[in-house]
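Asker: So the sequence lines, in the order shown, correspond to chains A and B.
At position 183 of the first sequence the residue is numbered 644 (the numbering used here), and the sequence of numbers has no breaks.
At position 198 of the second sequence the residue is numbered 659 (the numbering used here), and the sequence of numbers has no breaks.
No wet-lab data here; the hints were simulated from the structure.
What you are looking at is a predicted structure, and each value in this text was computed from that prediction instead of being measured.
Glycine residues also receive a C-beta, built at the ideal position from the N, C-alpha and C atoms.
Footprint (simulated), chain A over chain B, 3 or more residues, beta carbon under 8 Å:
1) 535 to 546
2) 565 to 574
3) 625 to 638
Listed next, with one range per pair, are the computed distances between beta-carbon atoms:
4) A/R549 x B/G768: 56 to 64 Å
5) B/P488 x A/P488: 29 to 37 Å
6) B/R781 x A/T684: 52 to 60 Å
2 protein chains.
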Amino acid sequence: MRLATLRDGSRDGALIVVLPDGQRYRPAGTVAPTLQAALDDWARCEPLLRALAGGEGDALPLDHARLHSPLPRAYEWIDGSAYLNHVRLVRKARGAEPPPTLETDPLVYQGGSGTFLGPRDAIPLVDPAWGLDFESEVAVVLGDTPMQTAARDASPYVRLVLLVNDVTLRNLIPDELAKGFGFFCSKPSTAFSPFALTPDELGDAWHGGRVHLRLKTELDGETVGDADAGSEMHFSFYDLIAHVTKSRALTAGTIVGSGTVSNVDPARGVSCLAERRTREVLDTGKAVTPFLVEGQVVRIAMADAAGRDLFGAIEQRVVRA
Amino acid sequence: MRLATLRDGSRDGALIVVLPDGQRYRPAGTVAPTLQAALDDWARCEPLLRALAGGEGDALPLDHARLHSPLPRAYEWIDGSAYLNHVRLVRKARGAEPPPTLETDPLVYQGGSGTFLGPRDAIPLVDPAWGLDFESEVAVVLGDTPMQTAARDASPYVRLVLLVNDVTLRNLIPDELAKGFGFFCSKPSTAFSPFALTPDELGDAWHGGRVHLRLKTELDGETVGDADAGSEMHFSFYDLIAHVTKSRALTAGTIVGSGTVSNVDPARGVSCLAERRTREVLDTGKAVTPFLVEGQVVRIAMADAAGRDLFGAIEQRVVRA
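Here chain A stands alone, though its shape is the one from the complex (with noise of 0.2 Å):
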């Protein structure tokens, strides 16, 4: 089952069910207003909704500028860095050792959840000074997921799969690291992609709470990556559900991120500028791909085996803010 939210002009925007063809939409305002609704009630409303996906009735043709991220604002956003080869380039390239325990203890960080973009939202540049650039990740969205969830019990939590640009200010971050609060004004609003899939949607392509499809991102039509998302992610999402509730429940509708897919084989591209600019200086000495400029349009999408096209794709155009 597909889910998405349509803008109509309510904060939370208007709950529908995606069609197969991912062309046509029906309205699913009779089983809940919002997506969050929806998570609220879950054991409800998911057979409802799975029988209006796979109903005989209308469908109306979906106009894609219409979608907003699937939650617009959101409990938690909590995003991993399970991906170890992102941290570790990029933490070679501002100069910072990974922490000793890296392949131990999970990197998060608590993200803001209240102002997300949608899928074709512009991104803000407010001052290319401080070097705007993007992340292409995977994400989770959850149910009640009590308190001290183990990794091996943490599979039934697992409502919604979904892809994210974690938009990122980089030059913002050394600083704001230093103060040892972790990220906050180098994290501005995240996007999502338009669809939320259930991970049955996925088929095989789901299993041990990775997903083991290749994600593909492009600027300006050139794909930069296409990155592996399921083999190098080192901690799976099930270890990520693990961390995270080591000390406190979360609410349905909390969103855990993947971090930054990335690859060790460069052939797979790279899903931010950073790394990118990371493996310059690695090969050449000098980094020589620029942050984000105007004009720019990011795209963010991941196809099944067969190619079809799951989460539709978030495409965001840099405008100057």
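Knowing the structure of chain A, use the given hints to seat chain B on it.
Answerer: This is chain B only, laid out in the frame that chain A set:
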């Protein structure tokens, strides 16, 4: 006007207005079902809620044990650390230097906002070795606040003021901060005061984006802190708002905290045990006060200059989880 949320079996509870005696209320469901709904539509709801609070209609007796956090969950909970005495003492306690920009660049962290504790909910003690501590704070609830709001323009976005117990797992902090991404597991679910007040309810005590009143903290009935929340708040709430909107907008219902209230004068006591332990080390070479143990009760409250209780009391017992 004082607002609160009554537990009614729903996730977000039922909005009520509290009468001046703090012992009676009127249901506000005819205006908005929840506090979040009222904040989402504040221009319409505020005058209606004020009319309800000031009206002549019947009132019901208020059972404080039924109150939840005014927002049982919020879209963002951003906590500052605006009392520099606290930063200096606590960093000294863990052998860390305050950042060089301490007086010019506010310290804030993004907190978890999905599962707040009610003002009388137990504080779960999962593992005594984690070093359970309270932190008594003041916070504001914002309306929709644009990106890059200047401090001088921030006042109209402050909708409500409330108190906080920012529960902290002191012994998890060093390893977590060493990883570089800030707090996560070391900050379990936060508790808030029963009542959220519009700033006018504080009279002259609300000025310059600070609450110029004493915040009283008791542990097992003994006063451990009676700190002035006003004059030593180095960054005002307006300064904090300017900082946290540097690169993104905030949605209605976002909560911004002051950080642990702390005064240089030791006679004012402490608003967390970590400070008391640090003072013990500085005075005698050894910390003797233990962190919270099972059965202890933390009480946090604030009265106006005439001694009238303002926010109701946070009163939480530590219970083994």
